[in-house]
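Asker: Make a model of the complete structure from these sequences and hints.
Chain residues, written in single-letter form:
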Amino acid sequence: MSATFPEAAQPSFVRHPIRLTLNGQERELALLPWITLLDLLREQLDLIGTKKGCDHGQCGACTVLLNGKRVNACLTLAVMCDGAELTTIEGLASGDELHPMQQAFIKHDAFQCGYCTPGQICSAVGLANEGRAQTTDQIKELMSGNLCRCGAYSNIRDAIEEALPNCLQRGQQGGAQ
Amino acid sequence: MNPFHYSKPDSVRDAVHLAGPASRFIAGGTNLLDLMKENLTRPEHLIDITGLPLREVSETATGGLMIGALVSNADLAWHPLIEQRYPLLSQAILAGASPQLRNMASTGGNLLQRTRCYYFYDASVPCNKREPGSGCPARQGLNRIHAILGASAQCVATHPSDMCVALAALEARVHVQGRDDSRIIEFADFHRLPGDAPERDNQLADDELITAIELPAAGFSAHSHYLKIRDRASYAFALVSVAAALDMNGPIIGEARLALGGVAHKPWRDQHVESWLVGKAASLETFSAAADAMLQNAEPLEHNAFKVQLAHRAIIRALSDAAQGGQA
Numbered sequence: 001m002s003a004t005f006p007e008a009a010q011p012s013f014v015r016h017p018i019r020l021t022l023n024g025q026e027r028e029l030a031l032l033p034w035i036t037l038l039d040l041l042r043e044q045l046d047l048i049g050t051k052k053g054c055d056h057g058q059c060g061a062c063t064v065l066l067n068g069k070r071v072n073a074c075l076t077l078a079v080m081c082d083g084a085e086l087t088t089i090e091g092l093a094s095g096d097e098l099h100p101m102q103q104a105f106i107k108h109d110a111f112q113c114g115y116c117t118p119g120q121i122c123s124a125v126g127l128a129n130e131g132r133a134q135t136t137d138q139i140k141e142l143m144s145g146n147l148c149r150c151g152a153y154s155n156i157r158d159a160i161e162e163a164l165p166n167c168l169q170r171g172q173q174g175g176a177q
Numbered sequence: 178m179n180p181f182h183y184s185k186p187d188s189v190r191d192a193v194h195l196a197g198p199a200s201r202f203i204a205g206g207t208n209l210l211d212l213m214k215e216n217l218t219r220p221e222h223l224i225d226i227t228g229l230p231l232r233e234v235s236e237t238a239t240g241g242l243m244i245g246a247l248v249s250n251a252d253l254a255w256h257p258l259i260e261q262r263y264p265l266l267s268q269a270i271l272a273g274a275s276p277q278l279r280n281m282a283s284t285g286g287n288l289l290q291r292t293r294c295y296y297f298y299d300a301s302v303p304c305n306k307r308e309p310g311s312g313c314p315a316r317q318g319l320n321r322i323h324a325i326l327g328a329s330a331q332c333v334a335t336h337p338s339d340m341c342v343a344l345a346a347l348e349a350r351v352h353v354q355g356r357d358d359s360r361i362i363e364f365a366d367f368h369r370l371p372g373d374a375p376e377r378d379n380q381l382a383d384d385e386l387i388t389a390i391e392l393p394a395a396g397f398s399a400h401s402h403y404l405k406i407r408d409r410a411s412y413a414f415a416l417v418s419v420a421a422a423l424d425m426n427g428p429i430i431g432e433a434r435l436a437l438g439g440v441a442h443k444p445w446r447d448q449h450v451e452s453w454l455v456g457k458a459a460s461l462e463t464f465s466a467a468a469d470a471m472l473q474n475a476e477p478l479e480h481n482a483f484k485v486q487l488a489h490r491a492i493i494r495a496l497s498d499a500a501q502g503g504q505a
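Residue numbers (the working numbering), protein chains in the order written: chain Z, 1 to 177; chain P, 178 to 505.
Take the hints with a grain of salt, since some may be wrong.
Only some residues are given here: those of chain P computed to face chain Z with a beta carbon under 10 Å [what the hints assert, rightly or not]: (1) Leu210; (2) Met213; (3) Arg279.
If you are wondering where the hints come from, they were derived from the structure by calculation, not from laboratory data. All C-beta atoms in this analysis are idealised placements derived from N, C-alpha and C, irrespective of residue type, glycine included.
Answerer: Have a look at this one:
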């Protein structure tokens, strides 16, 4: 577990100022160095769409888009995100209009319990930004960093396969620069 | 994770002057932060090197490439010059980790990954690599994933990297900057065998920073293949992997490189085998004899004897695919 030490117990540790664009909004924060990006989002910024699964980079539930690229928020120090553009699942829709990848996940019933879903969708948007998945097999291989313990993989794959062309038409989404 | 101080220097010189025995450099952080979460390493100071100017891939005067230490694994695997000239390296990188981790992980950091031996990763049990002199439970314990070559009484761990297996075959060189000097380390010399100091994975001193990886001109792009065998189809560490690279004169082998992953404390090469292959015809008999020779000193443990036969077959297949120009 990441630590949140009482500040009185460690007076010599300083908070570091960072600035980032989070889901389109400028944020200025002062952070202790050991706070992960995942804990920052969930515990301090109340953005609980990003999920904590394994907390060790093995499951992909915490996937977010950092400068348009998918990363594991659990293995990212928030203090190292100074100047970054960050998109979480909360930032993908445009107002009431869902992102094409979100729409495709609903259409294909690409989840059961839903816990892995925000990470799956952010990862799939990152996949679209990378432009490297042309075939079904490539989608499967390049989504291997996101586990679904319910085993909704076939529907997840179908949703991504359908949404990829729409994502490409729409241009790079999710904080891509 | 323990509390720590954080700094972000903007020059290599400042970074190495900040470094000491209780500090660690951090770039991608994909392995370091995981180790810190498990309390396996407790640095007092993290030096964030992501602001250093080490992100270039450039041509060298000798026809090779210089890869900055901060180039991400994904950017390196998909770099046009790597895909064209060093497809072995591209394949090996893409065989490792997940897309998210490859976006984060750096070239330099990939070399510094620590073993995934489950005893090393369990702070409640002894481990000579974690606490020198405390013992090695793997030798008599569950050792299915452990080394069959080059191990010692103190340690039977394997090196986890795929990228490093390709870099060993390609005879890359590691450029390093210390507080007083810079130096270049041949890839074969960079990682260590465990011997009686398994706590040391490599030759780096505390103040030394990897600044670049240099690839020589020879990329074996026409005849190379990276074969990785693992427990599932994707996103798992190698049980056995093989980087095979050949120069072919018709059916005859002109030059050969062969490196194994998942079997030793470092990428495993045997230059006698590579020399022996030169001048031979590319055939099942030749490759089988090479596999015999590569594995003749294998010392399997209770649960990993299967790796000897698996490696034997994987060597033959990787060399065969390489000879046929296989890119699979």
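Asker: So, for every hint listed, does it hold in this structure?
Answerer: Hints, verified against the model:
| no. | hint | in the structure |
| --- | --- | --- |
| 1 | Leu210 | 5 Å, holds |
| 2 | Met213 | 8 Å, holds |
| 3 | Arg279 | 9 Å, holds |
Checked against the numbered hints above, the structure violates none of them.
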